[in-house]
Amino acid sequence: KTVTINYGTCQHGDLESGSCSNANGSSSDATLQCWEELYDAKICVICYDQPRNCFLVPCGHCATCHDCALRIFHEDNRKCPVCRRYIGKVRKLFGNYNVQT
Numbered sequence: 001k002t003v004t005i006n007y008g009t010c011q012h013g014d015l016e017s018g019s020c021s022n023a024n025g026s027s028s029d030a031t032l033q034c035w036e037e038l039y040d041a042k043i044c045v046i047c048y049d050q051p052r053n054c055f056l057v058p059c060g061h062c063a064t065c066h067d068c069a070l071r072i073f074h075e076d077n078r079k080c081p082v083c084r085r086y087i088g089k090v091r092k093l094f095g096n097y098n099v100q101t
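The sequence shown runs 1 to 101 under our numbering.
Worth flagging that the hints you see were computed from the coordinates, not collected in a lab. A few of these clues could be false.
[Claimed, not checked] Under the rule of at most 27 Å between Cα atoms (straight-line distance), these lysine-lysine pairs were calculated in the DSS-like manner: (1) Lys42 / Lys92; (2) Lys89 / Lys42; (3) Lys79 / Lys92; (4) Lys79 / Lys42; (5) Lys89 / Lys79.
Computed from a predicted model, the values in this text were never measured in an experiment.
With the hints as extra help, turn the sequences into a complete structure.
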């Protein structure tokens, strides 16, 4: 099962293992590249305060912080703020990265 993170060139494979490959399928150093792209001065489109640190399943959009994503997820209208698709799950991204804004 593959979920594409819809900014940058990151593709996350198995959701449980957190495997990652770059656009041409190479997995060497791809995980670090993915995290750098995901945390490259990206802030939540809802609160404009926290970093984007999760992605939505099944669409794969990474546009919000985990707190805002959970608020949307627990609403009656569970839709992605980018594409308006139904949100089935929220997956948090982990890592120690300094987010520059």
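Status of each hint after checking the structure:
1. Lys42 / Lys92: 15 Å, holds
2. Lys89 / Lys42: The given pair, whose Cα atoms are some 21 Å apart, holds under the 27 Å limit.
3. Lys79 / Lys92: 17 Å, holds
4. Lys79 / Lys42: Holds: lysine 79 and lysine 42 sit about 20 Å apart, inside 27 Å.
5. Lys89 / Lys79: It holds: about 11 Å lies between the C-alpha atoms, which stays within 27 Å.
Violation of the numbered hints given earlier is absent; every hint is satisfied by the structure.
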